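Asker: Residue numbers (this note's numbering), protein chains in the order written: chain A, 1 to 368; chain B, 1 to 368; chain C, 1 to 368; chain D, 1 to 368.
Think of the hints as simulated: they come from the structure by calculation, not from any bench.
You may find that some hints are simply not true.
[Claimed, not checked] The calculated PhoX-like cross-link candidates involving lysine-lysine, where the alpha carbons are at most 20 Å apart (straight line), are:
hint, chain 1, residue 1, chain 2, residue 2
1, D, K361, B, K361
2, C, K146, A, K146
3, D, K361, B, K146
4, A, K361, C, K75
5, C, K361, A, K75
6, C, K361, A, K361
7, C, K146, A, K361
8, A, K361, C, K143
9, C, K366, A, K361
10, A, K146, C, K366
11, B, K361, D, K75
12, C, K366, A, K143
13, B, K361, D, K54
14, A, K143, C, K199
15, D, K146, B, K75
16, D, K143, B, K361
17, B, K143, D, K361
18, C, K199, C, K54
Small disclaimer: the values here were computed from a predicted structure and weren't measured.
4 protein chains.
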Amino acid sequence: MSGSTFGKIFRITTWGESHGAGIGVVIDGCPAGISLNEEDIQVFLDRRKPGQSKFTTRRSEEDTVEILSGLFEGKTTGTPISLLIRNKDQRSRDYGNIVSMFRPGHADYPFTEKYGIRDYRGGGRSSGRETIGRVAAGAIASKILKELGISLCAYTKAIGPYTIDETMYDYSEIRQNSLYMPNNAIAEQAGQYITSLMKETNSCGGVIECIADGLPAGLGEPVFDKLDALLAQAVMSIGAVKGVEIGDGFRAASSTGLQNNDPFYAENGQVFKKTNHSGGTLGGMSDGSRLILRAAVKPTSSIAIPQQTVNTSHENTEIVIHGRHDPVIVPRAVVVVESMTAITLTDLLLQNMTAKMDYLKQIYTKEF
Amino acid sequence: MSGSTFGKIFRITTWGESHGAGIGVVIDGCPAGISLNEEDIQVFLDRRKPGQSKFTTRRSEEDTVEILSGLFEGKTTGTPISLLIRNKDQRSRDYGNIVSMFRPGHADYPFTEKYGIRDYRGGGRSSGRETIGRVAAGAIASKILKELGISLCAYTKAIGPYTIDETMYDYSEIRQNSLYMPNNAIAEQAGQYITSLMKETNSCGGVIECIADGLPAGLGEPVFDKLDALLAQAVMSIGAVKGVEIGDGFRAASSTGLQNNDPFYAENGQVFKKTNHSGGTLGGMSDGSRLILRAAVKPTSSIAIPQQTVNTSHENTEIVIHGRHDPVIVPRAVVVVESMTAITLTDLLLQNMTAKMDYLKQIYTKEF
Amino acid sequence: MSGSTFGKIFRITTWGESHGAGIGVVIDGCPAGISLNEEDIQVFLDRRKPGQSKFTTRRSEEDTVEILSGLFEGKTTGTPISLLIRNKDQRSRDYGNIVSMFRPGHADYPFTEKYGIRDYRGGGRSSGRETIGRVAAGAIASKILKELGISLCAYTKAIGPYTIDETMYDYSEIRQNSLYMPNNAIAEQAGQYITSLMKETNSCGGVIECIADGLPAGLGEPVFDKLDALLAQAVMSIGAVKGVEIGDGFRAASSTGLQNNDPFYAENGQVFKKTNHSGGTLGGMSDGSRLILRAAVKPTSSIAIPQQTVNTSHENTEIVIHGRHDPVIVPRAVVVVESMTAITLTDLLLQNMTAKMDYLKQIYTKEF
Amino acid sequence: MSGSTFGKIFRITTWGESHGAGIGVVIDGCPAGISLNEEDIQVFLDRRKPGQSKFTTRRSEEDTVEILSGLFEGKTTGTPISLLIRNKDQRSRDYGNIVSMFRPGHADYPFTEKYGIRDYRGGGRSSGRETIGRVAAGAIASKILKELGISLCAYTKAIGPYTIDETMYDYSEIRQNSLYMPNNAIAEQAGQYITSLMKETNSCGGVIECIADGLPAGLGEPVFDKLDALLAQAVMSIGAVKGVEIGDGFRAASSTGLQNNDPFYAENGQVFKKTNHSGGTLGGMSDGSRLILRAAVKPTSSIAIPQQTVNTSHENTEIVIHGRHDPVIVPRAVVVVESMTAITLTDLLLQNMTAKMDYLKQIYTKEF
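Given these sequences and hints, build the entire structure.
Answerer: Rendered as structure tokens:
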């Protein structure tokens, strides 16, 4: 059945294959009255486009967005917003052994088993290009969050074994290195690591972290649509993500209650937490402190080293994957994680508007 | 809006508070023709009930299920199955300082912010008792999986710092120790660790692992309802879970493509993988190998050690939480993780039935 | 898949069979802070219960509601509200020829074809008792509407050929006759008509009309979840309803644009319509005038006159249906139509809260 | 929230405004393996395009479809199918009084109230052009139905007061007259009626009927997603439709049980009905006989006769609507009704595949 739609109120439906006519997304349920133009979206798309550094594929993908609907005189109208990004790099070519072999680490085999047919051109729907629709929608969600005073920031916490400890973060350095790491020195080392892997035509993974500030307490819909649960779905649905954690995450498993509980304190009638092991959620709802989530990204599956595999006739064989591939997708995936977080938060902000009768009276009756 | 429903076709809707009349679940979309009785469900509920060992609360909760609808002559009819578990331990009592204070680590504060009203009795809807509905539904999902030759197994991989390495697993020992660990010796050590924490009225967490065998390749609906994405939502929606990973999970982030890719091989026309770093999913779909997921469970938030907090008037104060609480919820949460996995798999098996035209012809036309 | 849930934000999930343990409904997404008690719901249930007049079955169904969750100190908490109505009339009995024959006009045949199994006891899930869950949920929706100044009124417009023209309506008479007609004189004639049919053990149908006043303009979500579209689904989903119309409905088909268009006019800065052929909707949204909908209800299918049919072995036979049946279900269905209308309106009021950015700012920012 | 998506498994999401860049639809959940090309869709679009007769607007709309995704080598792949129809007639123009006035019978007023902003160009999202997305998706649904031996036929039953009785139907004449009526003689009279209204710049409505043959029994998901309930939503969601009925519809309200019940009979082990007052549904499921539904279409709201109305400042004024408008939209809406029926049936065919355990075993186990 359909798995291309995400969100309950702010709903995005993405479509498109790597080497088809284009990639797109329809955003339904976007509130009316938000200023929006192509440039707002382009800024986000440019953050994920290839060819930005020596660590990303040199493929030329311009990824220019066209807004097809939902705008009038520069504002959203409340009707669905359709965004189209034409595929430029669509020339007919020889797809070689990918046509008849299942690439290890890729979706080729289960896709064939599921649908009985597979668009092998550039990975089809399973290509990383699929995330373009997510990022385009994320740009719109981010505009809404910004108008409400909520800010998001995603960055690379680790590349392969090179992890940056929180105590060494300098957020101002994130945009200063091509790996989007909050520490230029470690980024430099990680870059050398990637370079060495590139020589072997091998690849690596990493960890992306995303934080959000300015959230009101109470976002998230217990019990299944909790803030952390929906974030987990949103982020795990990004290809190559193999793990998601909130706050201390897996470290919490080896902690104790006394260590892990964040004490509350009050100041000027407002509630704060002394620590933030919870990563900004309690009981599946935002608790008013900084939201912190992390995603584990596996190494790029496309490597030029010969690998053992089977063909579509289920015979043993060997595959060598040619073509231009990112040695690590983490830097380009940073904006994808940020976008999925923005979409999830926007949807939950809208859902939360119906939580209490007071809100209904505030909107529908004069007396309030 | 509504967050109490999970699943697209096999849909469960849970309800109930800790100290209300009862807890329940409605399962809609369960196929007709499955043999089912109260005992099938009771077996699952008994696995999560308290009082089974010295490491679980001594509260007396019988948790007896009543099937209210959806059955006829011992078989499911395709109509909604309503299950009711009455709360026994419902006596009126003095809820003490919980009434006017926000417990650290609990949902009290965001719940109050969100709804403006909070059922403080035993944690209300945010109590661990909420999971009873999940487990009752999981029992039914498991019956369906079993009829299709799919088996699930969940267990405790770690308690606090006591982690069992895969090489030391003995699945036959899981039910031999009260912590449900696949290694009796480490379970013994972990038990001593819990005992020492209990003396300090402190608590700990752990890691639960769940595996599934016998899955056909192709389960999962790209791109947002991928198998791993829905499992992440399902498991992260369990209170106290702070992280989810599939296969190598966070370890994959520091691996390389060559190490992490699982080579395919063929035997008798069937496709297998030499390794299973992916944990049974590729491109968000099952790949025919064993499904492996892990959940990080935080330490029990209710501890009797004095903690700093604020009251409902947003003034600084101190809280001591009395009552009977599990020093670690991991052993009782094992069946909850297994249940959420079973529900997710069942729903995706049903969704997958509509993936190709061949299936429609198989069911609707004679000629097939 | 699941068809027992209605609504997007205010979501109801009903369950239960005629002769099972009970009937119930879970209302998820009900805003917190609404005063509610069993009596609020009982009043609605009593309007549909049998035995109220000589025109309804003499079955004894007390239909007492129990609120199992979602309330605390007399107010809704924002968590799911579970309502249970035990079946009293559940004695074991001889179901006679219904066991092996398909009753004309009933769901027996398609139910068997669909599910392969059929709960024949009292019609199972296809019984009119299924509507109890709708009415119980409708009572809660009506409380919300009332708090917002919206009032609903449903009544019988026609019984068989006895139709009341709008010009002859006296709303004050609706509760004065057992058919809930807004004209006692025509109700008297209709009653005699029913009496004559009862002598032949035949049955009849009728038309139910429902109006709503006080709706703000703009309710309804184009293009598929328009106000009239969701009302059509809601009302057509009631067993025995064969047609739905809004405003002039089918009469509009033979009108002209000039006749059918309702001219707008302004008074004190407010917008009104001179006529209301549209029945309160324009472009699928409420237009601020009175909402008017009608439902055509077919004659009761259970009649004691011998009818030709087939048995479960697909052989020709004859059936005579015994037991106590309403000669006309219209009077008891009035509150069901009103309830489904109330539920739809409540859900659309909640959905509409997310229509524009101004509303978000109103709720989430102080500066508004 | 979002109202631009219809369907549970076969899900369509439409977007686009009358004078924006284009109109489109994303079909998610379409089974893989169906042959499809642009021509399949173009045939349907051509049936609704204007300028086909003297009774339709002379606007030039070519409405050429482009398939942007979801196809590979001429077959559906199971991924979302995105269809784009560029608006040709998009020249900048003077929108005159429509900018500042609310047209009677149109969505202008509630749209402004709901969203605070209104795309007045050609009616924006409320234009009849919105149905292009429905028809494009309907073409795909119809292909699926055809492969399963299910055929649909829609036609004009009435134009204004000119109604064709069933006894006078000749289906072979439907495509012989420009009104798509199954009786050329009455079509001729109806045509003269329209011509006379055109002279007065007035308009009229009519009734569209749609039938489906070859449906298996059991389609429809009780209790809220019944076949007739979803058809009611689907058809009522088409702009200008004010009423929907199934089978005898409103006539059933004045019938008796004995007349209205359709007796079953068996022939060669198969079950049939002697009559079809029910219009092919029983208990909200298909009963194996012909499906019959009717939609009442109101007269075109855009008329050139001066009408009283208010402006956006809520002052009284008069409006004259210029431009090229259909004097009756019924003939062009025929294919829209057929498309929405096809989409609903396709979705319910897919939903029904999960109704019983036997189907799961048929697809997932070898032994079946």
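Asker: Taking the earlier hints as the rules, which of them does this structure contradict?
Answerer: 2, 13, 14 and 15
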